[in-house]
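Peer 1: So the sequences go chain by chain: X and C.
Residues 1 to 358 in the numbering used here are what the first sequence spells out, letter by letter.
Residues 1 to 80 in the numbering used here are what the second sequence spells out, letter by letter.
These are computed hints drawn from the structure, not numbers from a lab.
Given the structure is predicted, the values throughout are model-derived calculations rather than measurements.
Quick reminder that beta carbons are idealized off the backbone N, C-alpha and C, glycines included.
Certain hints may be false.
Claimed, not checked - Here are the in silico distance ranges between beta carbons for each label pair:
no., chain 1, residue 1, chain 2, residue 2, range
1, C, S16, X, A258, 41 to 49 Å
2, X, E259, C, E67, 35 to 43 Å
3, C, K37, X, K93, 43 to 51 Å
4, C, L64, X, G196, 26 to 34 Å
As the list claims (entries may be wrong) - Heads up, incomplete: computed chain X residues facing chain C, CB under 10 Å, no partners named:
no., residue
5, Q9
6, G30
7, S112
8, T252
9, A264
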Amino acid sequence: MLEQILKAQKQMDAACKAIGRQINIMEVCGTHTVAIFRNGIRPILPAKLKLLSGPGCPVCVTDQSYIDAVLEVAQRSDCIVATYGDMIRVPGKGGSLETRQFSGNVNVVLSSEDALRLAKENPDKQVVFVAVGFETTAPATAVVVKEAAEKSINNFSILSGHKLVIPAMKALLSDERNKIDAFLCPGHVSAITGYGVFTVIAEQYKRPCVVAGFEPMQIIEGLAEICSMLSRNQSAVKSVYSAVVTKEGNTTAQKMIAECFEPADGYWRGLGKIPASTLKLRPEYSKFDAFKKFGLSKEPVENKTGCRCGEVLCGLITPPECHLYGRICTTQTPVGPCMVSSEGTCAAYYKYQRPRRK
Amino acid sequence: MCLAIPARIVELEGDSAVVDAMGNHFHARTTLLPNVKLGDLVLVHAGFAISKVDEEEAKKTWQLIAEIDEFRNTQNKVSG
Numbered sequence: 001m002l003e004q005i006l007k008a009q010k011q012m013d014a015a016c017k018a019i020g021r022q023i024n025i026m027e028v029c030g031t032h033t034v035a036i037f038r039n040g041i042r043p044i045l046p047a048k049l050k051l052l053s054g055p056g057c058p059v060c061v062t063d064q065s066y067i068d069a070v071l072e073v074a075q076r077s078d079c080i081v082a083t084y085g086d087m088i089r090v091p092g093k094g095g096s097l098e099t100r101q102f103s104g105n106v107n108v109v110l111s112s113e114d115a116l117r118l119a120k121e122n123p124d125k126q127v128v129f130v131a132v133g134f135e136t137t138a139p140a141t142a143v144v145v146k147e148a149a150e151k152s153i154n155n156f157s158i159l160s161g162h163k164l165v166i167p168a169m170k171a172l173l174s175d176e177r178n179k180i181d182a183f184l185c186p187g188h189v190s191a192i193t194g195y196g197v198f199t200v201i202a203e204q205y206k207r208p209c210v211v212a213g214f215e216p217m218q219i220i221e222g223l224a225e226i227c228s229m230l231s232r233n234q235s236a237v238k239s240v241y242s243a244v245v246t247k248e249g250n251t252t253a254q255k256m257i258a259e260c261f262e263p264a265d266g267y268w269r270g271l272g273k274i275p276a277s278t279l280k281l282r283p284e285y286s287k288f289d290a291f292k293k294f295g296l297s298k299e300p301v302e303n304k305t306g307c308r309c310g311e312v313l314c315g316l317i318t319p320p321e322c323h324l325y326g327r328i329c330t331t332q333t334p335v336g337p338c339m340v341s342s343e344g345t346c347a348a349y350y351k352y353q354r355p356r357r358k
Numbered sequence: 001m002c003l004a005i006p007a008r009i010v011e012l013e014g015d016s017a018v019v020d021a022m023g024n025h026f027h028a029r030t031t032l033l034p035n036v037k038l039g040d041l042v043l044v045h046a047g048f049a050i051s052k053v054d055e056e057e058a059k060k061t062w063q064l065i066a067e068i069d070e071f072r073n074t075q076n077k078v079s080g
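Pulled out of the complex, with its shape left as it was, chain X reads as follows:
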């Protein structure tokens, strides 16, 4: 293992030397962000190699208006909200789902199937599934929406907050302020999409893309692979996660997404409106759309807290540059979603990078 690390370090040093300025590599997966901090990867990197944590945590990129819509449903006595645990503490207008849990109509589920089961078990209630996540999670939602349609389970609906990774990467690169030289691409999103989808980023936008798994060695190898491409001035897509990711990905899951959803313009925290970046239910499944069922708004609301999560998500600032960080905003009292989510950049900084009291 040590040999592999030394070899990787050599490749990284060579790239830093060849390029002669700071190299910025962005990871777009919250699980990578946490794995990088937890395994202490940052300190072994050359000083001129900087890792930026991008919009890779579904909780963090979810717009405030979506959170408010979820809270609005949670206030109705005829509804049960079924949510993944990740969303429970995100603050919105007048509290969070956690504060609503006492009312008894918020249920944490481990899978979309559990949400559908809740609907079957509670025929006199409307069960609304908080459907967030990227391509990894979207097929699981599609499966249960189709099942609800087949079995006419009409007290089930979803708030689709599903998002697509590629349009977000394009949006980041279209911002002139971006400092991104390459991407470390998400392992499990790629298990669904296949690594082929990143070709557009490598070829049109000239940014090398490497798909990696979540073990420390995989991440280090991925970074070294990126560096070796950068020093040769080459831009291509590679995968060091061949045990799981193929070029084509999981075609059954892709089909499931395409049958149930269609791409739609949508709001991302920090990135604003991105064309064709979110997944909306197709017209034939519109009766399972909770936005329509309950007349909920998707229009963005103004953020008045002074929280700079948006800039953190774009890699423009690091968490300590936000004046709320560590003072008002901590993991115990989070203001923004990047501090709430265990996979958020601010939470990772706070947990692993904060100077310890002696």
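The hints should help you fit chain C onto chain X, whose structure is shown.
Peer 2: Showing chain C alone in chain X's frame:
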């Protein structure tokens, strides 16, 4: 959120499976991987198997999880 855990299919009926990860048994759907069979190793994400995985990769992840678990236990002991 996109965390996935490798597990072995120990029971399979249609697209409903019981999987084993480090001795823990839980329910998973195989709807997204129609060609799996009993004994296959799969990555399970949010209750659904999303991809097959080889033995070596699965072992690496299990080992990592065990190490984190062990580390947490040690920390608990130190802090009392």
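Peer 1: How does the Cβ-Cβ distance of L64(C) and G196(X) compare with 26 to 34 Å: does it lie in that range?
Peer 2: 28 Å, holds
Peer 1: Hint check: is the beta carbon of S112(X) less than 10 Å from a beta carbon of chain C?
Peer 2: 7 Å, holds
Peer 1: Return holds or violated for the Cβ distance of K37(C) and K93(X) against the range 43 to 51 Å.
Peer 2: 49 Å, holds
Peer 1: Verify the CB-CB distance for S16(C) and A258(X) against the hinted window 41 to 49 Å.
Peer 2: 24 Å, violated
Peer 1: For the restraint on A264(X), tell me whether the closest CB of chain C is nearer than 10 Å.
Peer 2: Given a least distance of 21 Å, the restraint on A264(X) is violated.
Peer 1: Double-check Q9(X) for me: the hint is only fine if its C-beta lies closer than 10 Å to a C-beta in chain C.
Peer 2: Violated. Min distance 21 Å.
Peer 1: Taking the Cβ atom of E259(X) and the Cβ atom of E67(C), is their distance within the range 35 to 43 Å?
Peer 2: 41 Å, holds
Peer 1: With a cut-off of 10 Å on the beta carbons, see whether T252(X) makes it to chain C.
Peer 2: 5 Å, holds
Peer 1: May I ask you to test the interface hint for G30(X) with respect to chain C, counting a Cβ-Cβ separation under 10 Å as satisfied?
Peer 2: 6 Å, holds
The structure does not agree with the numbered hints 1, 5 and 9 stated previously, though it agrees with the rest.
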